[in-house]
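Engineer: Full structure from sequences and hints, please.
2 protein chains.
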Amino acid sequence: MNDNFKFEIIKTDSGTRARVGRLTTPHGVINTPIFMPVGTQATVKTLSSEDLHMVGAEIILSNTYHLYLRPGHEIVRKAGGLHPFMNWPKPILTDSGGFQVFSLAELNKVTENGVHFQSHIDGSRHFFTPELCMEIQNALGADIIMVFDECLPYPIERDYAESSLRQTLKWAERCKNASRNPKQALFGIVQGATFRDLRIQCARELIDIGFPGYAIGGLSVGETPQMMYEIIDYVVDELPEDKPRYVMGSGPPVDIFEAVERGVDMFDCVMPTRNARNASLMTSQGVVIVKNAEYASDFSPLDPECDCLTCRNYTRAYLRHLFKAGEISAMRLATLHNVHFMLTLLVQIREAILTGRYPEFKKSFLGKYQRGIHS
Amino acid sequence: MNDNFKFEIIKTDSGTRARVGRLTTPHGVINTPIFMPVGTQATVKTLSSEDLHMVGAEIILSNTYHLYLRPGHEIVRKAGGLHPFMNWPKPILTDSGGFQVFSLAELNKVTENGVHFQSHIDGSRHFFTPELCMEIQNALGADIIMVFDECLPYPIERDYAESSLRQTLKWAERCKNASRNPKQALFGIVQGATFRDLRIQCARELIDIGFPGYAIGGLSVGETPQMMYEIIDYVVDELPEDKPRYVMGSGPPVDIFEAVERGVDMFDCVMPTRNARNASLMTSQGVVIVKNAEYASDFSPLDPECDCLTCRNYTRAYLRHLFKAGEISAMRLATLHNVHFMLTLLVQIREAILTGRYPEFKKSFLGKYQRGIHS
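Respectively, the protein sequence lines represent chains E and R. Going by numbering that gives the first Met the number 0, the first residue of the first sequence is number 0, and it counts up by one from there. Going by numbering that gives the first Met the number 0, the first residue of the second sequence is number 0, and it counts up by one from there.
Because the hints were derived from the structure by calculation, they are not lab data. Among these hints, one or two may not hold up.
Where chains are identical, the list cannot tell them apart; a pair therefore holds if satisfied intra-copy or between any two copies.
[Said to hold, decoys possible] Only pairs whose alpha carbons sit at most 20 Å apart, straight line, appear in this in silico SDA-like list of lysine to any residue: (1) K169 with E204; (2) K323 with G71; (3) K323 with A295; (4) K290 with E73.
Structural biologist: Given below as structure tokens:
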């Protein structure tokens, strides 16, 4: 912990563990619970930083693995870090690259010291250690950085999960002890697959090492929603009340609600942006696949309850036309909407917690949203 | 001519035929000489209408052929026309589709009545007549519409050019006499390939039919710049002083200057937008291929003399990264810049004519711009 980083809980819901907080970072304050749009390659796909300001983003996530490979962290360092490089003055969180090294890179080989892998771009060979991961994230200069960990797939053998966890905990300690920038808050990541005792062991050992925030990793990898909620339940039981909690990679509104009421403060997911580029749009009435023929002459806004640039200015018929015609502007207008939708959902969740209407808001929102989900 | 459409010449340059004018249309006033960004499919590729306002677009061009095929002009008619469909309240010009029917569509067969062609999208068969072309453009609702013509390739046999010209002139008359919306100004198009007598004959016959504006078509199709300038010279000699003149499809700054000083008022070209998507950017110091390795650590703005969103907020290194990483946001930021650059060039040309500094401005601009052209 350091002076640049502070977490205050403003209000806790009376009926659930949901809480509203304020996270102070060197680049500003974040209101929690918060959704972080994913800017993998130092850009939230299709958007500019002006667009991110417009839709109300408070913090974005960027990816260490991708930026290490391209443009290279030394170029970002020369630029003065990610903030000036991408002209985003507000908070940034970088992941550790662990997830991508194991899932996206090829021919990875894990040793005690780190992971050998080949770039998914050009096959070039690289070796990530916890220390290198800290050095890269230092060059990127995010406000919140993550420990280097192994994110396990689902399902996984108990034996592998145990040995992986030993490695992940050793790496977490090495990250903590590595040469670091004291302005960057380093979060631990609770792994342990779907094994309750391993998850609890991991949480406890991370707390012994001591971090200013804790993530729950290895979720949304194929387990059932019920398993995910259960894992969040018993992991949060172990985590300190006064530190932010971050469920990595979770984005569907129902999962956000389930995690928020279990005491989770931070979320990220590529779903709103990736789905937008495929014409799958989140609205107050549920998901709208705006490419569908039924919208060809629908001159109403995508979501009549939304006040984003797209809904204020364009119709479903126009968006459908742009998508059918393969126009790039379709992807940007759709992304603007979906990110605005997610950020507004979190604003509403915070407001509902603050005013003691969380259960009613959840019921009302999901009642309308899930009615519209066709698939 | 009608009350909705008025062309006034504000100032004519003393040393050249360059002139500054004001063109009044149902959706507002256009200052000429003007560059019209091309919005082929009811969108200027990668941009939203808010972006077009931001870069200062006064009028855009859209394509009858493309919109007829997709989404279909009846859908645009139901939307209330292109203006509400794409949320662009300022003037729009639609071309006639002639150019695309002959160049983009397949298996076209010309008869006296019109052109049979197959869609480049799905091979479906269609038949364009001058009357249908007017009906489609009526549904699209642009402020300025164009006669249906045959745009000849270069080089072309004299015999073919002669018979094509007879057809084009008959079609021009049929367009004029077709059922039309009196609020839409219909421009004639001077064809005649590179044959001086045919071009002059065409201009004179079109003037006999009578149009509120005249385009010079069939240029920028492979002829040399000198041939193009010469054609503009002798065609403009024939055209009335008090009507706007439009050279179709011409965009390189040097061609704009050469045409402006020959008395041309309107321009359109896909070059600034298409080149932008390929990382070829126009700057006050010449063309910058921002993908090039030399810009990897260049943290200066793309064009230090430019005040567009891209140049104010992003560096060459960041743009290069986005292009190398295949990010869509690169194309939008580049397009914003190139369109802003072209529109600003025309603002500067108008200002130079108004203040009697046109020759100096041309020399100073091209001196810097062409020095930077490597290819």
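Engineer: If a hint holds in the structure, say so; if it doesn't, say that too.
Structural biologist: The hints, checked one at a time:
Taking identical chains as interchangeable, the C-alpha atoms of K169 and E204 lie at most 20 Å apart only when both belong to the same chain, with a minimum of 10 Å there against 87 Å between chains. Taking the shortest Cα distances, K323 and G71 sit within 20 Å of each other only across copies (12 Å), while inside one copy they are farther apart (36 Å). In the homo-oligomer, the alpha carbons of K323 and A295 lie at most 20 Å apart inside one protomer (10 Å), although the nearest pairing across protomers, at 35 Å, exceeds that limit. Taking identical chains as interchangeable, the C-alpha atoms of K290 and E73 lie at most 20 Å apart only when they sit on different chains, with a minimum of 18 Å there against 42 Å within one chain.
Comparing the model with each earlier hint shows no violations; every hint is respected.
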